[in-house]
Amino acid sequence: MIIHPSIIALFVSSLLVSFIVLYAAFYGLHILRKWDIQSGSELQLSLERKTYLISTFLNYILGFQLISLFLYLFVADHLHTFLVGAMCAAGSLYANDYGYPTLILKLINFLFVGVWLILNYTDNRADDYPLIKKKNLLLLIIAPLIVIETFSQGNYFLQLKPNIITSCCGSLFSNGNQSIRADIFALPINAMKTSFFLTMALTGISGLYFYFKGRGGYIFSGLSAITLVVSILSIFSFISLYIYEMPTHHCPFCVLQKEYGYIGFPLYLTLLVGAISGMGAGLTSSFKNIKSLADILPYIQKKLTFLSLALFTAFLIIVLYKMAFTNFTMEGYSM
Amino acid sequence: MGKTNEYKALNGINLNIHLNEVTVFRGPSGSGKTTLLSIIGCMARPTSGRIKFGEREISSLPERFLTEIRQKTFGFIFQQLNLIKGITALENVMLPSYPSGECYSSLKKRTMGLLDIFSIPDRAEAKVEWLSGGEAQRVAIARAMINNPAVIIADEPTAHLDSKLSKEFMGIMDLLKSEGKTVLIASHDPLIYESAIVDRIIDMRDGRIDGAMLS
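For the protein sequence lines, the chains are R and Y, in the order given.
Under this note's numbering, think of the first position of the first sequence as 1, with each following residue one higher.
Under this note's numbering, think of the first position of the second sequence as 1, with each following residue one higher.
Don't read these hints as lab results, they were simulated from the structure.
Wrong hints could be hidden among the right ones.
To be verified - In silico DSBU-like cross-links for lysine-lysine, where the CA-CA straight-line distance does not exceed 30 angstroms:
| # | chain 1 | residue 1 | chain 2 | residue 2 |
| --- | --- | --- | --- | --- |
| 1 | Y | K109 | Y | K72 |
| 2 | R | K50 | Y | K109 |
| 3 | Y | K72 | R | K302 |
| 4 | R | K288 | Y | K3 |
| 5 | R | K34 | Y | K3 |
| 6 | Y | K8 | R | K134 |
| 7 | Y | K85 | R | K34 |
| 8 | Y | K52 | R | K133 |
| 9 | R | K303 | Y | K72 |
| 10 | Y | K8 | R | K50 |
| 11 | R | K288 | Y | K8 |
| 12 | R | K291 | Y | K72 |
| 13 | Y | K52 | R | K291 |
| 14 | R | K50 | Y | K167 |
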């Protein structure tokens with residue numbers, strides 16, 4: 001294990017998050033089995049007091065869980081200086097079998113936790129706990145995933161040794177490789193550009209329609225999810241080329257480095273949070289028949305939609321800025 | 001629950017309180033009057049059981065909703081008055097309305113209106129420690145009224161008052177009743193529960209209701 005303050009911070013915080021989430025899930029299970037808002041029993045009243053307390057500190061702890069994805073990327077990028085062969089986070093994560101699985105788990109948990117936070121926020125706006133069972137059911141899914149992530153991350157750091165020779169992103173993320181990764185990076189650039197801008201335009205239009213008319217929530221939600229996938233593929237396929245100003249370098253991690261102005265952090269942050277807000281805005285439409293949420297739900301959806309559209313716009317501006325103000329062109333680079 | 005020092009302040013209470021009436025909770029010290037009023041007024045939570053205000057269940061509400069209910073639905077008059085020394089009568093009355101964000105001039109106008117109803121407009125700028133017992137009590141009542149609550153809760157309001165001031169207090173409660181307010185008073189003072197304005201007396205002992213009768 002490489003002893004480094006940021007590794008210790010991630011290690012300890014993940015243990016803390018896991019412990020609290022498990023504790024909350026234990027009560028979540030209790031709530032799913034025993035919750036009865038009509039009852040005035042001592043058990044019910046005790047659950048009501050506890051759920052308020054637990055959801056309050058889960059809010060903060062899961063907020064940190066969101067941040068931990070970026071901290072993990074930052075640490076992985078920082079670690080490349082200690083590992084032979086690594087040039088960025090791509091090589092650091094490749095140093096053992098737990099690096100990439102941890103990253104994938106963190107991404108999955110980022111999405112689940114984002115949805116949980118939206119559910120919790122909505123639930124707390126009503127006075128009769130209308131989403132209590134839904135959010136606790138989701139918590140029961142999140143809790144084991146976070147524990148597995150902590151286990152995987154722990155193994156990654158514990159098994160990380162400076163004498164391991166790993167690969168650089170040049171060999172991992174280049175067109176010449178024979179792998180699924182290489183297939184993704186070899187996606188036709190013009191087709192990906194068209195898909196990217198078309199998806200962004202459709203998401204923007206559906207978001208504006210939902211914002212002003214209050215209809216089409218599910219469409220906006222679905223398009224937000226598609227935008228997330230298409231944008232990530234676009235980063236791999238062509239956005240990275242404009243950032244690196246190299247026609248063959250598709251690494252999704254070098255963008256996190258100082259040489260590129262840490263542009264990867266705002267790029268990924270705006271995309272992920274924008275997608276979660278967009279998905280949440282539409283998905284909450286399924287609660288429109290809940291009486292206690294009837295007044296507040298449109299307001300919450302508007303806020304989420306606005307946030308999503310603002311973040312997608314910010315993401316698009318960053319991409320367009322890199323495409324417009326670069327010396328690099330892909331004329332004559334036929335793909 | 002099940003602890004050696006467990007004490008049940010209230011037990012088996014099942015009660016409907018009518019709106020626009022004056023209800024007195026009568027009983028000796030330790031009978032649970034204050035606890036019951038605290039729970040009704042959302043100042044404390046029951047271990048079990050529910051409180052409904054109209055159709056709305058209020059005992060299970062999270063704190064952020066309770067704050068609003070305490071502010072808008074209930075006005076409290078305490079036994080010790082609990083006025084804040086060092087600030088004026090006017091500021092004491094205005095204080096519960098500060099979180100509402102109402103503009104100062106409008107709030108001051110409303111406050112002066114209340115002090116006028118209680119015949120102490122000339123004492124508005126006096127610090128509360130300079131007020132007589134009767135004036136301090138009226139300031140406390142005005143403070144309970146500043147958010148125009150539907151229910152006034154008074155806990156042993158005449159415990160430190162002489163007969164004249166106690167009758168004056170009941171006169172003000174009569175005024176509030178005529179304005180459509182619901183008044184709940186915990187007291188074992190005969191001047192209170194024998195008053196003609198009282199609609200209902202609820203006797204309490206050992207945390208239970210002994211019986212209810214119309215006065």
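Each hint, compared with the structure:
| no. | hint | in the structure |
| --- | --- | --- |
| 1 | Y:K109 x Y:K72 | holds (19 angstroms) |
| 2 | R:K50 x Y:K109 | violated (43 angstroms) |
| 3 | Y:K72 x R:K302 | holds (28 angstroms) |
| 4 | R:K288 x Y:K3 | violated (45 angstroms) |
| 5 | R:K34 x Y:K3 | holds (23 angstroms) |
| 6 | Y:K8 x R:K134 | violated (35 angstroms) |
| 7 | Y:K85 x R:K34 | violated (48 angstroms) |
| 8 | Y:K52 x R:K133 | holds (23 angstroms) |
| 9 | R:K303 x Y:K72 | holds (27 angstroms) |
| 10 | Y:K8 x R:K50 | holds (21 angstroms) |
| 11 | R:K288 x Y:K8 | violated (42 angstroms) |
| 12 | R:K291 x Y:K72 | holds (22 angstroms) |
| 13 | Y:K52 x R:K291 | holds (18 angstroms) |
| 14 | R:K50 x Y:K167 | violated (46 angstroms) |
Consistency note: the structure conflicts with the earlier hints numbered 2, 4, 6, 7, 11 and 14.
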